[in-house]
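The chain contents come next:
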Amino acid sequence: MISTLNIIVYSLFIISISRLSSARTAYKGNLLAITGMGIAVIMGLLCLNSPKQLYAIITLCIGGLIGIIGSKKTSMPQLPQMVALLNGFGGLSSGLIGLSETFNIPHPTLWQIFIIFAGCITFSGSVAGFLKLAGLVKIRETETLHSVSLILFILTLIGGIYAYNGETEYIIGFAILTSLLGFCFILPIGGADMPIIISSLNGLSGWCTTLVGLSIQNSLLIIVGTLIGASGSILTYIMTKAMNRHLLKVIFTPITPNKEIPSAHPEQDIHKGTPQDAAFLMENAHKVIIVPGFGMAAAGAQYELGNLAKILIQKYHVDVKFGIHPVAGRMPGHMNVLLAEADISPNLIFGIDEINQEFKTADVVYVIGANDTTNPLAKTKKDSTIYQMPILEVEEAKRILFVKRSLAPGYAGEDNPLFYNEKTLMLLGDAKEITKEIITNLESNNS
Amino acid sequence: MISTLNIIVYSLFIISISRLSSARTAYKGNLLAITGMGIAVIMGLLCLNSPKQLYAIITLCIGGLIGIIGSKKTSMPQLPQMVALLNGFGGLSSGLIGLSETFNIPHPTLWQIFIIFAGCITFSGSVAGFLKLAGLVKIRETETLHSVSLILFILTLIGGIYAYNGETEYIIGFAILTSLLGFCFILPIGGADMPIIISSLNGLSGWCTTLVGLSIQNSLLIIVGTLIGASGSILTYIMTKAMNRHLLKVIFTPITPNKEIPSAHPEQDIHKGTPQDAAFLMENAHKVIIVPGFGMAAAGAQYELGNLAKILIQKYHVDVKFGIHPVAGRMPGHMNVLLAEADISPNLIFGIDEINQEFKTADVVYVIGANDTTNPLAKTKKDSTIYQMPILEVEEAKRILFVKRSLAPGYAGEDNPLFYNEKTLMLLGDAKEITKEIITNLESNNS
Amino acid sequence: MDFYIIDILILSCFIGYFAIWNVTPLLHSPLMSVTNAISGIVILGALQNLNQSESLITTTLLLLAIFFAAINIFGGFHISARMLHMFKRKDKTND
Amino acid sequence: MDFYIIDILILSCFIGYFAIWNVTPLLHSPLMSVTNAISGIVILGALQNLNQSESLITTTLLLLAIFFAAINIFGGFHISARMLHMFKRKDKTND
Ligand SMILES: NC(=O)c1ccc[n+]([C@@H]2O[C@H](COP(=O)([O-])OP(=O)(O)OC[C@H]3O[C@@H](n4cnc5c(N)ncnc54)[C@H](OP(=O)(O)O)[C@@H]3O)[C@@H](O)[C@H]2O)c1
Ligand SMILES: NC(=O)c1ccc[n+]([C@@H]2O[C@H](COP(=O)([O-])OP(=O)(O)OC[C@H]3O[C@@H](n4cnc5c(N)ncnc54)[C@H](OP(=O)(O)O)[C@@H]3O)[C@@H](O)[C@H]2O)c1
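Protein chains in written order, with my numbering: chain A, 23 to 469; chain B, 23 to 469; chain C, 70 to 164; chain D, 70 to 164.
Keep in mind the hints are simulated off the structure, nothing from the lab. One or more hints might be untrue.
As the list claims (entries may be wrong) - Beta-carbon label-pair distances, calculated as ranges:
(1) Pro94(D) to Lys50(B): 14 to 22 Å
(2) Gly188(B) to Ser44(A): 52 to 60 Å
(3) Gly60(A) to His154(D): 46 to 54 Å
To be verified - To list a few chain C residues with every Cβ distance to chain B over 12 Å, as calculated:
(4) Gln117
(5) Thr128
(6) Arg151
To be verified - Mimicking SDA-like on lysine to any residue, the simulated pairs with C-alpha atoms at most 20 Å apart in a straight line are:
(7) Lys95(A) to Arg151(C)
(8) Lys157(C) to Leu54(A)
(9) Lys74(B) to Ser124(D)
(10) Lys74(A) to Asn120(C)
(11) Lys337(A) to Glu465(A)
(12) Lys157(D) to Arg46(B)
(13) Lys74(A) to Leu125(C)
(14) Lys95(B) to Arg151(D)
(15) Lys263(A) to Asn91(C)
(16) Lys263(A) to Pro94(C)
(17) Lys157(C) to Thr57(A)
(18) Lys50(B) to Pro94(D)
(19) Lys74(B) to Gln117(D)
(20) Lys50(B) to Lys157(D)
(21) Lys157(D) to Leu53(B)
(22) Lys50(A) to Arg151(C)
(23) Lys157(D) to Asn369(B)
(24) Lys95(B) to His154(D)
(25) Lys157(C) to Ile24(A)
(26) Lys157(D) to Leu370(B)
(27) Lys157(D) to Ile37(B)
(28) Lys157(C) to Ser44(A)
(29) Lys157(C) to Asn369(A)
(30) Lys74(A) to Ile126(C)
(31) Lys50(B) to Arg151(D)
(32) Lys94(B) to Arg151(D)
(33) Lys50(A) to Leu125(C)
(34) Lys74(A) to Ser122(C)
(35) Lys382(A) to Leu447(A)
(36) Lys74(A) to Glu123(C)
(37) Lys420(A) to Gln298(A)
(38) Lys74(A) to Gln121(C)
(39) Lys94(B) to Pro94(D)
Quick reminder that beta carbons are idealized off the backbone N, C-alpha and C, glycines included.
Put together the whole structure using the sequences plus the hints.
Quick look at the structure:
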C-alpha cells in the first residue's frame, strides 16, 4: 500500500518536472507536484501515533503558514534570495533529521555524519547566498574569509572524526562547525557567480534528501532526492557554460570588486541623452531590441517595458524584440519571470544565440539596467571574472541606449567600455522613471 | 564487481539511445551500445565453466556470423523485414530460456509461463510480419484467420493452465500453441498497419527481456528490457498518432484490400505524361517538392532522386524540398534512411507539418512511388483504413507529377482520386527508369 | 538489496538528466523553485523518525525539521505557482 | 526487495519515455534496430542459466537461445551501424 503510494508520489514529481518543458503545461505540472507532496505528507502523518500526530500537524501548519506568507511578501525581483532561503530551510531540515538520529544510538553511522555535513552546508551556504543576493552584506576582506574557511575546513574534518566516534557534544560541535564553514565559504564568492552557487546548493539539498533516504532506507526519498540532486547539478553545469566559468574557479578565486575603476573616465567622455532623444530614435527605428538586466528588475520597470513595447509595435509599427542573456538578473531564468509578470509575449523574447544574429540589423538597442551581460571586456580582458562569458553583442547595432543610474560597474565589478562608445547615448536615471518618460514622449507625438 | 559492470552496461545503453537525438551523435551512440553489449557478453562468458564456455562461444560466433551476413545482404528497402525477423529471434531466445527453465523444476513459475507466452508471440508474430513485409504472403481470408485466432486463443489459455501445472509435454504444447496464435493473429493485419505492429513487437521483445530478468532476478535485464519495452510502446503510440489509428482497431479490424476498385475508372480519365513533359515542368518551376514513398524504395530510385535534386538545384536554381510522411515507406523513419543512403542533405528534408505549409507555393510536386500518404480519401472516406490519417497535401500545388507503374492502389488498398485530378500528370512506369529519363532530359536541355 | 539501491540511484540520475534538459530555459526559475519545494519531501524522514523518537530532544529536533521542511514546501510551491501562473496567463493571451 | 524491483521497473519506464521522445523522427528506423539489438541482452539470461544446466535438453535449448540472441545482437548492431554510417556521412557533407 505505502509502496504503491510511494510510486505514485515520485511519478507525479517526475511528470511535474517534465511538464516544465513548456509554459503551457507548467502550471498544471506544479499542481501535480503539489498533489504528490500532499499524498506523501498525509501518508506520513497517518503513520504517526496520536499525540505526536497532533504536534506534527500543528508544526506543519505553522511552518506552512510562514512559508506562504513569506512567498506572498516576495516580489519577483526578490525571487532569488527567497529561493535561496527556502533552499536553506530544506537543507536545515535534513541536517536536523540527521542530528536527531544520532541521539538514538551509541555510534552515528557514516550516513548520519554525511547528512549533518551536507545539511548544514546547504543551510548556511544558502543563508550566505540569501544575504548576498538581498544585498545585506558587502564583503571586501575575501582573503581573510578564505583563510578562515581553510581553518574551519580542517577543524570540521577533525570534528567529523570525533563526531563519528559518538559523543553528543562532538556531534553538535561538528554541526556548528560545518554551518560556519558553509557560511564563510559562500560569503566571499563573487556576486556575479551567485547563479552557479544557488543552483549547486539547490542540487545539494537534493543530495541531502538522498542521504536521509539511504539512512532510513526509504526509496521514495532516495529517488526524489537523487532526481533533484542530478537536476541541480545539471543546471549548475548549464549556468557555468552560460557564464563560461568553472565551478572550482568560482569557489576558489572569488572576485574582489574594484569599484574604483570608472573614475578613470571623467563623465565628459560619455554622450548623455534625454528621454526625448530616446523616444525620437525609437519611433524612427525599424527594429528595436530591448536588453533588460538586473537593474530593470531592481527598478521594477517591467510593466513600463511592456507598455513601451506595445506602443512601439502598435503605434509606430516597430519590430520589437527582447534579448535575454541566460544569466541576466540574479538567478537562472529570472528575467523571463519578470517579463512574464508584465505580460510580454514569449514570441518577442529570444535567447542569446538567436538575438546575437539580430543586433546587426537593429537600429536601436535599449539596454535597461543590464551591464555585465553586454560588456565587451568579456572578450578581451583576461583577468576579468567575466572573461569569455558569452555576451549580448549590442555593439553591433546602429545606436545603443543605456539606462542606468550612474557609471558604476555591474555585479562583476567591471567597467563597461560601451558607456564611452560613439554610438552610445547614456540615459542616466532610474530605469522605471526613464522608461515612463520615453513612453510619455512616444504617446504625445503624432506620427 | 559484476554489479558495477551491470551499471556500466545499462548506462551505456541509455546513453546510446539518447545519442540518437541527432544524426551527428548517433553513430558513436551505436558504438557505445556495442561496447556495452561486448562487456555484458564477455562478463557472461567468463562466468561459465569450461566445456560450456566453449560451446557458448562457438554458438555465439556462428549466430553472430549469420547475423552479420544477413545484415550485409539486406538492402535498405528490405530493412523493415530484416528488423522484424531479428526482433523475432530476440523473442525466440527469451522463449527458449523460459522453456529451458521449466525443465529444471517440478512446477514452472508464473514468470516462466509469461516468458514462454511473450517470447513465442514475439517470435511468431515477427515472422508473420516479416512474411507480409517481404511480400511473401498475400492474405485474403482474413475472416477465417480471425476465427482460427480465436480458437487458438482459447486453446492457449487452457494450455497455459495445464502448463502451469507442470507436465513437460503440456509446456511444449503451450509453446507451440502460443506460436501458432501469434502467427495467425498478426497475419491478417493490414499491410498498411505494419509499422504499428512492428513497433509493438519491438516493445514486446523488450518486455520479454524484463520477464527473464524478473525470473532470474537480474536487474540489468530488468532495466534494459523495460527501457526497450517502454520505448517500443511509445514508438507505437507515435505511429498510431501519425496514422490516426488505434492499436485495438489495428488488431481487431484488419483490412481486406479491394484491389478491384480502380477498374471503376477507365484509363482514359487520366492525363498521361512523358518524362519530357516532367522535365519541362520542373526546369521552369521555382519550387519543386519531391514526395517519395515505398515505390521509390522498391524501385531503388533514391540515387536517381539525389541526382535529380542536384541537377535541379545546380543547373536550374530550383528550390527543391523533400516531404516525408512519418509512415512513408514500410517502417518508421524508413524513407529518411533511404534518402540518407543517396546522400541527400537533411536540410532539404521536411516532416509532414512543415512541408504541408509549402505545397501552396510549390509549382510542381513529384510524387514518386507514394500513394496512401497523399490520398485525399483519408479526409473524406469514413470506412477507409486510412480515414483521418494526416496526409501530405500535394493537391495544393500547381501541378502534380505521379510516378507509379499502374493505377493500382497503395498498401492500404484504397483508390486515389489524385490520379484523375485535372492538375495531375501520370507518369506510368518504374520509378527509377522514369527519374533517369527525366534527368537525361534535364541534362540535354541548355537553359 | 544494496545493489538495487545503487541501480535506483543511477536510474534516478538519468531521469534527472533527461527531465532537466527537457525544461525550457524560459522556466529555469520555476524549475529551481519547484525542485526546491519537492526536496521538502525529506519531511517524510522526519515523520517516520518521529514515531520512534522517545526523548524530548529528538522529538524537538524532528519537530523543528518538520517546521523548516514545511516552510520550504509551502513557500516553494506557492512561489512556483505564482510564477507559473504568470507564464500561463502570458501564454493564453498570445495563442 | 520486491519493492525495489518495482521502483526499478517504474524508473526504467520513465527513462524509456524520456529517451525516446528525445530521438529525432529522422532516426526512428535506426532507433528500432538499435533497441532491437540491445534487447539481445537476454543472452545473459541464457549464459547464466547455462552454468546450472545439467540435462542435455536444457543445455541444447539454452545454446539455441544463445544462437538466436547472437543473430539478433550482431545482425541488429551491424545493420544499425550501416544505417547510421549513412547519416553520419550525410551530416558531414553538409555542415
Ligand atoms: N542570472 C543569474 O542567475 C545571476 C545570479 C546572480 C548573479 N548574476 C550576475 O549578475 C549579473 C547580471 O548581469 P546584468 O547585466 O543583468 O546586471 P548587472 O551587470 O548586475 O548590471 C545591472 C545594472 O543595473 C543598474 N541599475 C541598478 N538599479 C537600477 C535602477 N533602479 N535603475 C536603473 N539602473 C539600475 C546598475 O547600474 P547603476 O548602479 O549605475 O544604476 C547595474 O550596472 C551578471 O554578472 C551575472 O553573472 C546572475
Ligand atoms: N512507414 C511505416 O512504418 C509503414 C510500415 C508498413 C506499412 N506502411 C504503410 O505503407 C504505406 C506507405 O505509403 P506510401 O505512400 O509510402 O506507399 P504506398 O501507399 O504503399 O504506395 C506505394 C506505391 O508505389 C508504387 N510502386 C511500387 N513499386 C514501384 C516501382 N518500382 N516504381 C514505381 N512505383 C512503384 C505502387 O503503385 P504501382 O503498383 O501502381 O506501381 C504503390 O501505389 C502506408 O499505407 C503506410 O501505412 C508504412
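Each hint, compared with the structure:
1. For Pro94(D) paired with Lys50(B), a C-beta distance near 20 Å keeps the hint of 14 to 22 Å intact.
2. At about 54 Å, the beta-carbon gap between Gly188(B) and Ser44(A) stays in the expected band of 52 to 60 Å.
3. Distance hint check: the CB atoms of Gly60(A) and His154(D) are about 51 Å apart, consistent with the given range 46 to 54 Å.
4. Consistency note on Gln117(C): stated as away from chain B, and its beta-carbon is indeed over 12 Å from all of that chain's, at 26 Å minimum.
5. Interface exclusion of Thr128(C) from chain B stands, the closest Cβ pair being 39 Å apart, more than 12 Å.
6. The claim that Arg151(C) lies off the interface holds: its Cβ sits roughly 33 Å from the closest Cβ of chain B, which is beyond the 12 Å cut-off.
7. Distance restraint check for Lys95(A) and Arg151(C): the Cα-Cα separation of roughly 12 Å lies within the 20 Å cut-off, and the hinted pair is therefore satisfied.
8. Of the pairs offered as hints, the one joining Lys157(C) and Leu54(A) holds, with about 15 Å between alpha carbons and a cut-off of 20 Å not exceeded.
9. Under the criterion of a C-alpha separation no larger than 20 Å, the hint pairing Lys74(B) with Ser124(D) is consistent with the structure, at around 12 Å.
10. Proposed proximity of Lys74(A) and Asn120(C) is supported: the alpha carbons are some 7 Å apart, at most 20 Å.
11. Distance hint between Lys337(A) and Glu465(A) is fulfilled; the C-alpha atoms sit about 9 Å from each other, no more than 20 Å.
12. Distance restraint check for Lys157(D) and Arg46(B): the Cα-Cα separation of roughly 6 Å lies within the 20 Å cut-off, and the hinted pair is therefore satisfied.
13. Note on Lys74(A) and Leu125(C): the hinted pairing holds, with a Cα-Cα distance of about 12 Å set against a maximum of 20 Å.
14. Distance check on the hinted pair: Lys95(B) and Arg151(D) sit about 12 Å apart at the alpha-carbon level, within 20 Å; holds.
15. With a CA separation close to 17 Å, the supplied pair Lys263(A) and Asn91(C) stays within the 20 Å bound.
16. Of the pairs offered as hints, the one joining Lys263(A) and Pro94(C) holds, with about 13 Å between alpha carbons and a cut-off of 20 Å not exceeded.
17. Of the supplied pair hints, the one linking Lys157(C) and Thr57(A) holds, its CA atoms being roughly 19 Å apart against a limit of 20 Å.
18. For the hint linking Lys50(B) to Pro94(D), the alpha-carbon distance of about 18 Å falls within 20 Å, and the restraint holds.
19. Between Lys74(B) and Gln117(D), the direct Cα distance comes to roughly 11 Å. Compliance with the 20 Å bound is thereby established for this hinted pair.
20. Taking the CA atoms of Lys50(B) and Lys157(D), the gap is about 9 Å. The hint holds against a cut of 20 Å.
21. Using a Cα cut-off of 20 Å, the hinted pair Lys157(D) and Leu53(B) holds, with the two alpha carbons roughly 13 Å apart.
22. About 12 Å separates the Cα atoms of Lys50(A) and Arg151(C), which keeps this hinted pair within 20 Å; it holds.
23. Of the supplied pair hints, the one linking Lys157(D) and Asn369(B) holds, its CA atoms being roughly 14 Å apart against a limit of 20 Å.
24. For the given pair, Lys95(B) sits about 16 Å from His154(D) by alpha-carbon distance, which is consistent with the 20 Å threshold.
25. Pair hint Lys157(C) plus Ile24(A) does not hold up; C-alpha atoms about 34 Å apart against a cutoff of 20 Å.
26. Note on Lys157(D) and Leu370(B): the hinted pairing holds, with a Cα-Cα distance of about 16 Å set against a maximum of 20 Å.
27. For the suggested pair Lys157(D) and Ile37(B), the alpha carbons sit about 18 Å apart, so the restraint of at most 20 Å is met.
28. Proposed proximity of Lys157(C) and Ser44(A) is supported: the alpha carbons are some 10 Å apart, at most 20 Å.
29. Restraint check: the Cα-Cα separation between Lys157(C) and Asn369(A) comes to about 14 Å, which is no more than 20 Å; the hinted pair holds.
30. For the hint linking Lys74(A) to Ile126(C), the alpha-carbon distance of about 14 Å falls within 20 Å, and the restraint holds.
31. Between Lys50(B) and Arg151(D), the direct Cα distance comes to roughly 12 Å. Compliance with the 20 Å bound is thereby established for this hinted pair.
32. This hinted pair checks out: Lys94(B) and Arg151(D) have alpha carbons roughly 9 Å apart, not beyond 20 Å.
33. Distance check on the hinted pair: Lys50(A) and Leu125(C) sit about 41 Å apart at the alpha-carbon level, beyond 20 Å; violated.
34. Only pairs whose Cα atoms come within 20 Å are accepted, and Lys74(A) paired with Ser122(C) is accepted, the gap being roughly 10 Å.
35. Taken as a hint, the Lys382(A) and Leu447(A) pair is honoured in the structure, with Cα atoms around 18 Å apart against an allowance of 20 Å.
36. Note on Lys74(A) and Glu123(C): the hinted pairing holds, with a Cα-Cα distance of about 11 Å set against a maximum of 20 Å.
37. At roughly 18 Å between alpha-carbon atoms, Lys420(A) and Gln298(A) fall within 20 Å of each other, so this suggested pair holds.
38. For the suggested pair Lys74(A) and Gln121(C), the alpha carbons sit about 10 Å apart, so the restraint of at most 20 Å is met.
39. For the proposed pair Lys94(B) and Pro94(D), the alpha carbon gap of about 24 Å is over 20 Å, so the pair is violated.
Of the numbered hints stated above, those contradicted by the structure are hints 25, 33, 39, listed in ascending order.
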